[in-house]
Structure formats: structure tokens, C-alpha cells
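K.L.:
Residues per chain, in single letters:
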Amino acid sequence: MNNKSLLNLIDITVSFEGFLALNKLNLNLLKGELRAVIGPNGAGKTTFLDVITGKVKPTKGEVIFKGKSLIGRKEHKIARLGVGRKFQSPRIFENLTVKENLEISVTTPKSPLNLINKKIKNDQLDEIERLMKIVNLSQRVNSKAGSLSHGQKQWLEIAMLVGQKPDLMLVDEPVAGLTDEETDLTADLLKSLSGENTVVVIDHDMEFIRRLESNVSVLNQGTVLCEGTMETIQKDKKVIDVYLGRPED
Amino acid sequence: MSLNRLNLNKITTLSIWIILIAVIIAAPTILPVFRLNLLGRYLSLAIVALGVDLIWGFTGLLSLGQGIFFALGGYCAAMYLQITSSSEFPNNIPEFFALYGVNNLPFFWEPFKSPLFTLIAIWLVPALIAGMLGFLVFRNRIKGVYFSILTQAALLVFFNLFNGQQKLINGTNGLKTDVTQLFGQMVGSESIQRLFFWITAILVIAAWFFSKWVVKGRFGNILIGIRDDEPRVRFTGYNPVIFKTIIFSIAGGLAGISGALYTVQSGIVSPQFMTVPFSIEMVIWVAVGGRGTLLGAILGAVFINYAKSLVSEALPASWMFIQGGLFILVVTALPEGVLGWMKGDGPRNLLQRFGFKRKIETYPSLEVNNKEEN
Chain A
6 MNNKSLLNLI
16 DITVSFEGFL
26 ALNKLNLNLL
36 KGELRAVIGP
46 NGAGKTTFLD
56 VITGKVKPTK
66 GEVIFKGKSL
76 IGRKEHKIAR
86 LGVGRKFQSP
96 RIFENLTVKE
106 NLEISVTTPK
116 SPLNLINKKI
126 KNDQLDEIER
136 LMKIVNLSQR
146 VNSKAGSLSH
156 GQKQWLEIAM
166 LVGQKPDLML
176 VDEPVAGLTD
186 EETDLTADLL
196 KSLSGENTVV
206 VIDHDMEFIR
216 RLESNVSVLN
226 QGTVLCEGTM
236 ETIQKDKKVI
246 DVYLGRPED
Chain B
21 MSLNRLNLNK
31 ITTLSIWIIL
41 IAVIIAAPTI
51 LPVFRLNLLG
61 RYLSLAIVAL
71 GVDLIWGFTG
81 LLSLGQGIFF
91 ALGGYCAAMY
101 LQITSSSEFP
111 NNIPEFFALY
121 GVNNLPFFWE
131 PFKSPLFTLI
141 AIWLVPALIA
151 GMLGFLVFRN
161 RIKGVYFSIL
171 TQAALLVFFN
181 LFNGQQKLIN
191 GTNGLKTDVT
201 QLFGQMVGSE
211 SIQRLFFWIT
221 AILVIAAWFF
231 SKWVVKGRFG
241 NILIGIRDDE
251 PRVRFTGYNP
261 VIFKTIIFSI
271 AGGLAGISGA
281 LYTVQSGIVS
291 PQFMTVPFSI
301 EMVIWVAVGG
311 RGTLLGAILG
321 AVFINYAKSL
331 VSEALPASWM
341 FIQGGLFILV
351 VTALPEGVLG
361 WMKGDGPRNL
371 LQRFGFKRKI
381 ETYPSLEVNN
391 KEEN
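Residue numbers (this note's numbering), protein chains in the order written: chain A, 6 to 254; chain B, 21 to 394.
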């Protein structure tokens, strides 16, 4: 509908042996947008990310990213096109150091020949420095990532995501298990990333979503139930029924 | 962690290297030629073990079929030696052909008349076959136990193939090398065997440097990433198939070199190199020595095999029990292998058990800070 659209999901249906994980899901993301996606357990939130990143092939439907179809592309090709993903539980390389983790994410081109032959470029090293400062890990450069605290691991993974320089960042439950203070910092970090980047955040934590001050899509039973600002969706009767629950009288 | 441990690890590694090199240098003068030959053989096995460590210890690919590539290297070397030493036999082709009424040299023997071709084929043929096999397997995302089973099945296929081809490669009898000629001398003679010992020793060290170069830096980190969390590597934009194919091919090439050196020092190559237990033993050497340490693979291969021959001489038939027990001990008590245990908390825990006080662990970031400021 307009040329600023970055990602467009059209009638996505994913069927796992008859069970519809996603059912004719439609979603349009604009460039630079920050979008929150919420929904009850089993609503299809993670499957939705799996479809975009190529892990799950939809039974029907089309995914258009930067004008190109993503259907049938391999995961690493989609990643190189500019789709980055942060997983629900922090997935970092625990046996590598913080710096080595970030090296893996910022390195381009991601070919074996480049990796074995050449030293990492200086601008990429600078980028690593910058990322470590942003997520407060400068003191832990040479620590094994496995020795970090849960919150630090979450942040390291976010830093790795940013280091990939993706056009689209998919962030799955970034504040699970974080303290309130860390949650606030994460919200600010994600907000500061949008604008330049397009960010999709999936979460349960309503306080956190509210802090993002973004548009919200509510998923239920594999389809988009409602879209709008936090205020709008909180007043929506359907949303209240399936997810937010009626306020106690 | 940090400073002390790092230094300690360096000292451990360095002292092991010094001992190893001292043994290698002293061996030719101290050991009788029979023992020297055994040591040479076991050193050559260290090269295939390095390959196993690259694919299993670093990349998480447990191959039970390295015997294929080991044997291929051995056959390449043996074919060259046989064909260049066949001038007095009928039709100027190796003696065994006459047994089966073969008068013309099979076509694939031809290029092995060239020493240069042979020296390249010894590692390139196994590397190419490993690369092709690996690519097909990895592209179809076969991993874990299925990968191990598949490699073992491939091993059996190759074993049966080679075992049945009397007219081409002397089938189950294999190709003898000790009575062939090299530089105008018998390959089995003392002077040539001493030469092979030196070549082997140098190649083991070269193979270690090469493996170290492969796993250091970002390439090695991707291998570790594939081992620990392959999907994550994919979502970061890397294609694990290419990386796995490359490393499997490298391990195949190392296995070929190893097999060639083993063949010329043991005097024969036969399909017995492709039996299932032998390929599993290669994994045991690495497991005992220490996965992902490279040096552990060398130590494991040399020591276990040397122990094997010493024990077998003293108490025949008991070796299998000892080897089995060793493997169980390592899996249960030292999951990181001997070297991994030494580099980890092992020695400190042991000292503590004998009543020595353990150093108080400070908050790790404090140690890192101090280190950076000093």
C-alpha cells in the first residue's frame, strides 16, 4: 500500500498436522517502526517469528521483506538479507568470550575464507567497543559468556542482534527474568534502536510493553485480533475477553 | 579463573610439549629399532586423532568412519610403492596381479607411477571424498547420532568394497609395502624406517600447527558455535553446511596423511584399516586425551597405543578390558579428558581433597578489573 512498508505478511497459515498455529495472519510493518506483539500462550507468537526467519515454512501465504519474498529461503540467507532475531531464552555462545560472541555477529562477509584468512577489520572492532559500552559489558570483554548473569546474557544477545545491523529486529521476550531496573533500561534501549531500525518485540509483560509506547498487535489463536496503541487495545472488548481479563468489580 | 589459571595452563601445555619433543629427539638413539618403529606408527596415528578432535572436539561431529580416509591415504602410498617396485615382475605390474590372471594395470593405478601425484593424492583423495560425503550429509541436516550411524555405515560400505576387489587392489590381503623399494632400499629396512620416523615426527608437529591455525580466531569460534548451538549460527547469517564440510574435509585429509605414514611403517595396508573397532578407537584416544585441546589428541593416540602394545606383550588378551575400563573412567570421572581435567579445576579439586586449602574465589569481574588496570 505504500513504499515505506518493510515487512508484509499476507494470509500466513501454518498447520502442524492439522493444528493451525497461524491462521491467515496479516501484518504490515513500516520502516523504522517499533511494534509490540502480545498474546496469550499458544497464540502463535513464536511461530510468527519462525515464519519470518525461515525456520518454519508456512503452509500458505506470503512474506514480503524489502520487496522480496522470504518463502523458501534458507535461514542464513534471510539473516543476511537483514532479519535479526533474539531468542526467548538468551542464546549466546557460552564457551566463547563476550568479545568473541560480538565478533561473530559484526563480521562481514560471513564466509569461511574471510574468517580464516583475514584479521577482523578496525571499524568492526570499534563497533564491538561501542556495543559493549551500550550494554554495559566493557568490563567483561574476555569473560566467558557462560559466566555472565542472566540479565547480562540477555543484553549480550541484544548487542549481538544490533551488531548484525539488521533492518528488522525480532526480539522475543527480552525482559524475561530481568529485574525492574534492567527491564526499564531494556525498554529504553529498544526505543532508542527504533527509528533507525525496525523492531518487533514480543512479550507478556504489560508494564514493559506500555513503556515502549508503541503500536501493539494482539495475537490470538494464530491470527491478529486487534491492532492499535496500548490505550485502544486495552479498551477493545475482544482483547479484554481473551487476554487482559475483565477488571474486578 | 583468569591470570593464574591462564599462566598455569600455558605452563602445562609448554611442559608437555617439551617432554614430547625431548622424547622424539631422544627416541632414535635410545630405543631399539623395533620400539622406534612402534613409536613412529603411534605418532602417525596422532595425526588422524587431530582430525577427530577438529570435527568432534571443536565442531561436535562424532564421526565413526575416519578409518575410510585413513585407509585411502594408506592405499595411495602403497600403490605408489608397489608399482615403482614391480620392474622384475611379469608385465611390469605388481606381483599379486598374476595370482588373479590380470595382465594389464587397472587404469587408476597409472597416475601413481608419479611420486608427486602420490604425495598430493595421499591427502587430496581422502579430503575430496570426505568433502563430498560431508556436503551431502550436512546439506540434509543430518546430525547427532544419525550422523555417527551414517559414517559407520559408510565405513562398512568401503570395507566391503575394498575387501572384495582382488583384481584391483588385492582385496582382503591388502598391499604390502615393506618389501618394496624406495631410494634403492627396502622400505622395511632400518635406515628407511628411521627416515619415516623423522618424517612422521615433523608432520605431527606440522599437523598440530595447522590445526591450531584452523581453530584459532573467528573460524574456530564458528566451529565451536556450530557445536554448541547450530541454529543460532544460522540465524546470525552463517551457513553451517560450508563450515562443516570444510572441517570434515580437513579431517579427512589429515586421516589420509596419517594412514600413509602408518602404512609405510607397519608394512601393509589392508581393509583391516576400515574395521569398525579401529575407527571407534580413534574417538577413544581423543576422549581420553581431552576433546577440543588438540594436544590431548596427540597424547591420547600415542600413549594409549604404546600402552596397548606394552600391555599386550605382558598380558595378552587383557587389553580390551583395560581400554574399555579407561573409556568408562574418562566418561564418568574425567569428561573433559586428561588434558581438559588438568587445564580445568581438576588438580585444585584433588589438592583440596587431600586437605590443601582452596584459594578464595573473588567475584570474577574484580579479577578482570585488576588484570586490566595492572
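Please keep in mind that the hints were generated in silico from the structure rather than gathered at the bench. Wrong hints could be hidden among the right ones.
To be verified - Taking lysine-lysine and the PhoX-like style, the derived pairs with C-alpha atoms no more than 25 Å apart in a straight line are: (1) A/124 / B/236; (2) B/163 / A/79; (3) A/149 / A/60; (4) B/163 / A/82; (5) B/30 / A/149; (6) A/149 / A/170; (7) B/328 / A/149; (8) A/60 / B/163.
As the list claims (entries may be wrong) - To give an idea of the interface, some chain A residues facing chain B are shown, with a C-beta separation under 7 Å as derived from the structure: (9) 90; (10) 104; (11) 115; (12) 189.
It should be emphasised that the depicted structure is a prediction, and the values quoted were computed from it without experimental measurement. Glycine residues also receive a C-beta, built at the ideal position from the N, C-alpha and C atoms.
K.L.:
Run every hint past the structure and note whether it holds.
P.N.:
Verification of the supplied hints:
1. With a C-alpha separation of about 11 Å, the suggested pair residue 124 of chain A and residue 236 of chain B falls inside the 25 Å cut-off, and the hint holds.
2. For the suggested pair residue 163 of chain B and residue 79 of chain A, the alpha carbons sit about 18 Å apart, so the restraint of at most 25 Å is met.
3. Distance restraint check for residue 149 of chain A and residue 60 of chain A: the Cα-Cα separation of roughly 28 Å exceeds the 25 Å cut-off, and the hinted pair is therefore not satisfied.
4. Between residue 163 of chain B and residue 82 of chain A the alpha-carbon distance is near 21 Å, which keeps this suggested pair within the 25 Å criterion.
5. The hinted pair formed by residue 30 of chain B and residue 149 of chain A meets the criterion: a straight-line CA distance of about 18 Å does not exceed 25 Å.
6. Among the hinted pairs, residue 149 of chain A with residue 170 of chain A is consistent with the structure: their alpha-carbon atoms are about 24 Å apart, no more than 25 Å.
7. The suggested pairing of residue 328 of chain B with residue 149 of chain A is violated, with an alpha-carbon distance near 38 Å, which exceeds 25 Å.
8. Simply put, residue 60 of chain A and residue 163 of chain B have alpha-carbon atoms about 17 Å apart, close enough for the 25 Å limit, and the pair holds.
9. Hint status for residue 90 of chain A relative to chain B: holds, with the closest Cβ pair at about 5 Å, below 7 Å.
10. At a threshold of 7 Å, the smallest CB-CB gap from residue 104 of chain A to chain B is about 10 Å, leaving the interface hint violated.
11. Given hint, residue 115 of chain A at the interface with chain B, holds; its Cβ is 5 Å from that chain's nearest Cβ, closer than 7 Å.
12. With a least beta-carbon distance of about 22 Å to chain B, the hint placing residue 189 of chain A at the interface is violated under the 7 Å criterion.
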